[in-house]
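**Student:** Put chain L on the given structure of chain U with help from the hints.
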Amino acid sequence: MSRGSGVVTPDRVDVDDGRPATRGEIWRGLSALVLLAVVVLVPLGWLVWMSLGHYGAVLGSAPWWHAIASTLVVTAGVVTVQLVLGLVFGVALWHLSGIWRPVRFLALVPAALGLVVGAQAGRAAVEGGFVATWFDLDPGGATTALAGVVLGELWRTTGLVVVLVHAGLSRVPTTLLDAAVADGASAWQRWWRVVWPAVTPALVALVAFRLLDSWRLLDGPWLVRAPGSFRTTGSAVVADTAFEGLAEGPATAAAVVLVVLGLLLVGAVLGLARVVRAR
Amino acid sequence: MTPTIPTVRSRLTAALVAFVLGFGIANLAIFTLPGPDRVLGVVVAGVLILTSAWAVLVADSPRRISVWAVLGAEVLVVLVLVPVLWLVSLATSTGGTPTTLWPEAWTTDAFTGLSGDEELRGAAGRSAAAAVLATAVAALPALGLATLLARTRWRPRRLVRTATIAAALLPGVALAVGGGDLVLRLGGPFADSVVLRLALVQTAIALPLATWVLTSVLAGAPWSLAEAARADGARTRTVLLRVLLPAVGPALLAGLVLTALVTAQDLALATSVTGPQAPTLPMLLLERAADPAAGAQVAAAGLVAAVPAVVLLLVAPRTVTRLLGGSYR
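Chains as they are written, first to last, in the working numbering: chain U, 106 to 384; chain L, 20 to 348.
Rather than coming from a laboratory, the hints here were simulated on the basis of the structure.
Do not rely on the hints blindly, as some may be mistaken.
Stated by the list, open to error - Sample of chain U residues at the chain L side, in silico, Cβ under 10 Å:
| id | residue |
| --- | --- |
| 1 | 147 |
| 2 | 211 |
| 3 | 237 |
| 4 | 301 |
| 5 | 327 |
| 6 | 374 |
Just so you know, even glycine gets a beta-carbon here, dropped at the ideal spot from N, CA and C.
Only chain U is shown next, with the shape it has when bound in the complex:
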C-alpha cells in the first residue's frame, strides 16, 4: 500500500490474481449473489411486472419528458462542473505534501452531511439567504429552488470528487514521469503523453459514478417539488407519483424508464470514452 498517497498502486497490490477460486470460496460468494438477487432483482422484476400496460401513459406524457429534460440538464451540469473543478484542484494540489491531509479532511467534510441538509442549505442560500443578498436574486420560482438544491449537491460532493481525482493522479507511474523529465519532456508533453493516458480510466470511472449518482438525485428535487412544475428530476416525479399521488402503475413504468435511460446514458458515456481512448 502506498503510504504517501493513500492509494493502493497497482504495482504494490498484493493480490493473488492467478489463483483459481476454490469451491468453498465460490459458495461463500454465491451466498451474497443470492441475497443480492433477493433484495435487488426480485424488486426490479416485480417493478417490471407491475409496469406492464402503463408505458403508454408514461411515454406519452409531456410533463414526464420535461422532467427527464430537467434531469439531463441537472446531471450534465453537475458532472461537468465537478469534473472541471476536480481536475483543476486535483492537478493544482497534486504535489502538495505537507498540508494535503488537512485539506483532504476539509474537502471531505461536506460529504459527511446528509443529502436533505445539503439541499436545504442550498435552497435557503438562494431563496432569501446570503447568495440572494450578495447577487441580488429575486425570491421564489421553481427554477431558482431547483438551482439551489443542485448547488447544495454540488457543494456536498465536489470535495469528494477533488479527492478522488487526486487519488487517480497519485496512480500515475512515477518511474514514467521521472523518465519523461530525464528525457527533457515539457510540462505539457508530460501531461498529455504520460499523465492523461494513466489517469483517464480513473476519470471515466468517476464520471460514470457521478453520472448515475446525479441521474438518481431525489432528496433535493423532492424537497422543492411544486405541483404541476416540470422543474424537477425523474426520481422526484416517480416518488411523488408513487408515494404522494398513489398512482402506482404509472410510477412503476416511469421508474423502469428512468433506470433504462440511466443505463443508456452511462453506456453512451463509456462507449464514447472507449472510442476516444482507442484513437
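**Tutor:** Coordinates of chain L only, in the frame set by chain U:
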C-alpha cells in the same frame, strides 16, 4: 515522481491568477456585500493578494514549492468552508432565513432543542438501528463475494463486479416502488417491526456497497505474508488472527462503518415501507425542511448527525479515500 522545480513563468502566472482573484473578491466585498460578510470577503481577498506577493518573491527560488498548489489549497478551503459557515449561520439563527453568511445571531436554541425532541430522537434511532442491522446482514456475504472478486481469477468476476456496482448506483426510487410493495405484504415480524422492514429494503444499498468497499480492503491485504505464514506451519486461525486481521481489521471496520453511514442516508426505500408515524431521520428532516421557519432545526440536526462521519474522516481519512476510490482498479 521527484517534483520538478516550477518555472519562473509558472509561478508568476499563479501570482497573477491569485492577484486577479483577490482583486475581484475585494471589489465584490467592498461594493456589494453587507457588513460582516464584507469583512470576510476582504480577509479572503487579503490572503489571496498576499499569496500573490509571496509568489512573486519566491518566483526565482530554487525551492521545489508549487504556488499553484498553495493557491489551489486556499481556494478549495474557502469553497468548502463558505457553505459550512452558512450551515452554522442557519443553525444559529433565531427564525427565518438569515441574509448574511456570517451568523447574525449566535443562539444555540436549535442545538439544545434537539435533546428534547422525542420525534427526532426516535427517527435518528430508527435510521441508525436499520442501517446497522442491514450492514450486519450484508457484512458476511459481502466479505465472501469480496474475497472471490479480490483474490481469485473466478471467470465471471468482472461481470459480477460490474453488476454489484450497478446495483449500488441504481435509482433508489425504482427499488422502492418495486420492493416496498412486496415488503409491506410480508407477515410475521416484518408486519410489526418498522426497523426490520427498513433493514430488509436497505440491504439493497448495504450489500453492493459493502462488497465494493470490502473488495478494496481485501485487495490491499498482505496475502503473500499469509501464504508464507501458512507455509511455515501456521494454522488458519493463527494466520487470520496474527497476520490478516491486524493488517486489514481497521480498514474492514472503517468500510463497514462507512457502509452503515451511507445506508442511513436512504430516503426512497425508507419512504416505501414506513410512513409519517414512524419516519427515519432523512424522512423527518425532509418533512421539516419544507417549512423555511424550521431551517435552524434542520441545519442543527444535520450538523449533529454528521458527527459520526466526521469522526470517521478524522480517524481514518486515508482508508476512507482508498475505499471510495476502490472502483478505479
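**Student:** If any of the earlier hints don't hold here, list their numbers in rising order.
**Tutor:** Those not satisfied are hints 4, 6.
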